[in-house]
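Asks: Read off the chains here:
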Amino acid sequence: MKQSRTTLAVASTTLIAGVSLAVSADTLHPAVETLVGLGYPAPQEDELVHIPPTMADLEASDMHPETKAVIRRGHDLFTNTQQLRGENVHNDMNCSSCHLGEGRQPFSAPVWAAAVTLPDYRGKNDHVNNLEERIAGCFAYSMNGTPPEYGSDDMLALTAYHQWLAKGAPMYPDQPIYGRGFPPPERPDELSYASGEALYMENCAICHSEDGSGLYQDGEYIFPPPWGDGSNNWGAGLVRVFTAAGFIKNNMPLGQPNSLSDQEAWDIAYYMSSQERPQDPRYTGDVAETLERFGPTFHRHSLYGQEGPDGEILADHANWGEKGDEITPWNVGVPRFEALKEALEAQ
Amino acid sequence: MNGKRFMGTSKRITGGLGLLLGVGLAAGQAVALEGDAERGQAAAGTCVACHQADGSGMNVPGGESWPRLAGMDADYIAKQLHDFQEGRRQSASMLPFANMLDDQQIVDVAAYYSEMPVTEAQGGDDVDDALLARGEKLALRGDWDAYIVSCMSCHGPRNEGAGSDFPGISSQHAGYIESQLRAWQADERRNDPQNLMGAVAKRMSDEDIRAVSAWLASQSVASE
Numbered sequence: 001m002k003q004s005r006t007t008l009a010v011a012s013t014t015l016i017a018g019v020s021l022a023v024s025a026d027t028l029h030p031a032v033e034t035l036v037g038l039g040y041p042a043p044q045e046d047e048l049v050h051i052p053p054t055m056a057d058l059e060a061s062d063m064h065p066e067t068k069a070v071i072r073r074g075h076d077l078f079t080n081t082q083q084l085r086g087e088n089v090h091n092d093m094n095c096s097s098c099h100l101g102e103g104r105q106p107f108s109a110p111v112w113a114a115a116v117t118l119p120d121y122r123g124k125n126d127h128v129n130n131l132e133e134r135i136a137g138c139f140a141y142s143m144n145g146t147p148p149e150y151g152s153d154d155m156l157a158l159t160a161y162h163q164w165l166a167k168g169a170p171m172y173p174d175q176p177i178y179g180r181g182f183p184p185p186e187r188p189d190e191l192s193y194a195s196g197e198a199l200y201m202e203n204c205a206i207c208h209s210e211d212g213s214g215l216y217q218d219g220e221y222i223f224p225p226p227w228g229d230g231s232n233n234w235g236a237g238l239v240r241v242f243t244a245a246g247f248i249k250n251n252m253p254l255g256q257p258n259s260l261s262d263q264e265a266w267d268i269a270y271y272m273s274s275q276e277r278p279q280d281p282r283y284t285g286d287v288a289e290t291l292e293r294f295g296p297t298f299h300r301h302s303l304y305g306q307e308g309p310d311g312e313i314l315a316d317h318a319n320w321g322e323k324g325d326e327i328t329p330w331n332v333g334v335p336r337f338e339a340l341k342e343a344l345e346a347q
Numbered sequence: 001m002n003g004k005r006f007m008g009t010s011k012r013i014t015g016g017l018g019l020l021l022g023v024g025l026a027a028g029q030a031v032a033l034e035g036d037a038e039r040g041q042a043a044a045g046t047c048v049a050c051h052q053a054d055g056s057g058m059n060v061p062g063g064e065s066w067p068r069l070a071g072m073d074a075d076y077i078a079k080q081l082h083d084f085q086e087g088r089r090q091s092a093s094m095l096p097f098a099n100m101l102d103d104q105q106i107v108d109v110a111a112y113y114s115e116m117p118v119t120e121a122q123g124g125d126d127v128d129d130a131l132l133a134r135g136e137k138l139a140l141r142g143d144w145d146a147y148i149v150s151c152m153s154c155h156g157p158r159n160e161g162a163g164s165d166f167p168g169i170s171s172q173h174a175g176y177i178e179s180q181l182r183a184w185q186a187d188e189r190r191n192d193p194q195n196l197m198g199a200v201a202k203r204m205s206d207e208d209i210r211a212v213s214a215w216l217a218s219q220s221v222a223s224e
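Here the protein sequences line up with chains A and B, keeping their order.
Residues in the first sequence are numbered consecutively from 1, following this note's numbering.
Residues in the second sequence are numbered consecutively from 1, following this note's numbering.
Just so you know, not all the hints are guaranteed correct.
[Said to hold, decoys possible] Beyond 10 angstroms from chain A on every Cβ pair, some chain B residues (computed):
1) Pro96
2) Ala98
3) Gly156
[What the hints assert, rightly or not] Facing chain B, from chain A, some residues (calculated, C-beta under 8 angstroms):
4) Thr27
5) Leu28
6) Pro30
7) Ala31
8) Leu38
9) Ala42
10) Gln44
11) Glu102
12) Arg104
13) Pro188
14) Ser192
15) Ala194
16) Leu215
17) Glu220
18) Ile222
19) Gln256
Worth flagging that the hints you see were computed from the coordinates, not collected in a lab.
Note that the Cβ used here is the ideal one computed from N, Cα and C, for glycine as well.
Take the sequences, apply the hints, and build the full model.
Replies: Right, dumping it as structure tokens:
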């Protein structure tokens, strides 16, 4: 077999990785130089720049073979989350659909940041989350599914991959993190649905299709759907228009970051955010009530419960997507530390 | 497509369909012709000298390699032929042959080659294992530190192609892939949609190009 000639080869072109640098102008890592050359901001004086290790670094490391295998499994789940389809994933997405570059990429919500900033308080569910619970949230919302159990093999493998990517980064850093999240461009005064639609057709539809369904070909994931049943549900972070604008501006079209103007990125985000998708798992049965309850912490940034392009109310439905109404994510709406919280409030 | 359901209100479904129909009609004038592989075989008489009777093409070290056409997407082949005719893609050797075909023959020839089983590719034997590993990394994972996205993120799983816009590149001759990537780098080829290939090609080093071309050529594509 021709393919066999590749199996023993080990990449030898590894750059220094798993390094965190205090920023100064003459220590820019080549990866950061690449970003600056592509129009991303250079790191600020006080920012933490961390270059996560690669899978080649993992192979070259002297970690226990079984540890490597588990981290490899985590990487595999992260980049091909569709292998959990029907069990934990009920849409057409992978983790790496949004966290580009295998979760390593700055300005594409690099996931190692979660490994060094958690456990921490999270407004979205109003309690302190650890890394597992944070990942579980992605399954409930972004994957429109239900998470693997805490402590399960799949969950452990995923967290191990996140922590491996954080190798060398300081725990609970005091400095702000360079390229964290999807930094949104400045919001323009007016957003245009019509211009967003035209821009989407011109720049995005070739991969994500005109109806937003992405591309699944011969039963295999190719391009993720930005809306519709195959996409993330109404509770995912990306339904916030500023987050979508940040994702688009920094990462799309693929290979051409920062090529859209701020206005264009926001207009496309606004168009995309005005389309339907599976219901938020926090839905109370009434869209207005759900909006009232989760508006202050979340949906004030989305178009949930707002009037859509055809005058209908967005998310006013009980369409749960592929998971139907039989499967509900076990991690949603579960409070923690209630006694602690009461004690704090009593103070 | 994988049992997808369209969701949302009936109003939206109507809106979506209207949009799709509109686009379909606009594009329809160009693609209304239906290809016939049998007629294509007759029209392909002039193609076989280079692309071979089995559509395998030929890797020509140090010269111009002729791409494998067997098993390529029909619409992709047809688009390339039109692009040669209309100057959107340059090739001194291909231009006269493309010009011999009328619109009907183009879709026929495209259908003919698309139905052939994918053949093995040649070339890239001169790269060592380390470079081949670099090629595999670029093809499957990319090198994001240089903002080179993986081939498979557009060309599909196993790089066997996605839709009609992203051709299969697995089991394509190394010499051909190499020459095309270099053409994109030099702005000599720019008929890709939205400069998607050009932007990435320009970030690749000579070594990257050799590596990925060799690795892709080394891949087999299973016939259905």
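Asks: All the hints need checking, so say for each whether the structure fits it.
Replies: Results for each hint:
1. Non-interface call for B/Pro96 relative to chain A: holds, since the shortest CB-CB distance, roughly 31 angstroms, exceeds 10 angstroms.
2. Every CB of chain A is more than 10 angstroms from the CB of B/Ala98 (nearest about 24 angstroms), matching its label as outside the interface.
3. For B/Gly156, the shortest C-beta to C-beta distance to chain A comes to about 5 angstroms, within the 10 angstroms cut-off, and the non-interface label is violated.
4. Because the closest C-beta pair between A/Thr27 and chain B is about 15 angstroms apart, greater than 8 angstroms, the hint is violated.
5. The interface hint given for A/Leu28 is violated, since its Cβ lies 12 angstroms from the closest Cβ of chain B, which is over the 8 angstroms cut-off.
6. The closest approach between the C-beta of A/Pro30 and any C-beta of chain B is roughly 6 angstroms, which is under the 8 angstroms cut-off, so the hint is satisfied.
7. The interface hint given for A/Ala31 holds, since its Cβ lies 4 angstroms from the closest Cβ of chain B, which is under the 8 angstroms cut-off.
8. The interface hint given for A/Leu38 is met, as the beta carbon of that residue sits about 6 angstroms from the closest beta carbon of chain B, less than 8 angstroms.
9. The closest approach between the C-beta of A/Ala42 and any C-beta of chain B is roughly 15 angstroms, which is over the 8 angstroms cut-off, so the hint fails.
10. Because the closest C-beta pair between A/Gln44 and chain B is about 21 angstroms apart, greater than 8 angstroms, the hint is violated.
11. At its closest, the beta carbon of A/Glu102 sits 6 angstroms from a beta carbon of chain B; the interface hint therefore holds under the 8 angstroms criterion.
12. Using the Cβ-Cβ criterion of 8 angstroms, the hint placing A/Arg104 at the interface with chain B is satisfied: the shortest such distance is roughly 6 angstroms.
13. Taken as an interface hint, A/Pro188 does not check out: its beta carbon lies about 23 angstroms from the nearest beta carbon of chain B, beyond 8 angstroms.
14. A least Cβ separation of about 17 angstroms between A/Ser192 and chain B goes past the 8 angstroms threshold, and the interface hint is therefore violated.
15. At its closest, the beta carbon of A/Ala194 sits 13 angstroms from a beta carbon of chain B; the interface hint therefore is violated under the 8 angstroms criterion.
16. Taking 8 angstroms as the C-beta contact cut-off toward chain B, the hint placing A/Leu215 at the interface holds, the least distance being around 6 angstroms.
17. About 5 angstroms separates the beta-carbon of A/Glu220 from the nearest beta-carbon of chain B, less than 8 angstroms, and the hint is met.
18. Because the smallest distance between the Cβ of A/Ile222 and any Cβ of chain B comes to about 5 angstroms, under 8 angstroms, the interface hint for this residue holds.
19. For A/Gln256, the suggested interface contact is upheld, since its CB lies about 5 angstroms from the closest CB of chain B, less than 8 angstroms.
Consistency with the previously given hints fails for numbers 3, 4, 5, 9, 10, 13, 14 and 15, ordered from lowest to highest.
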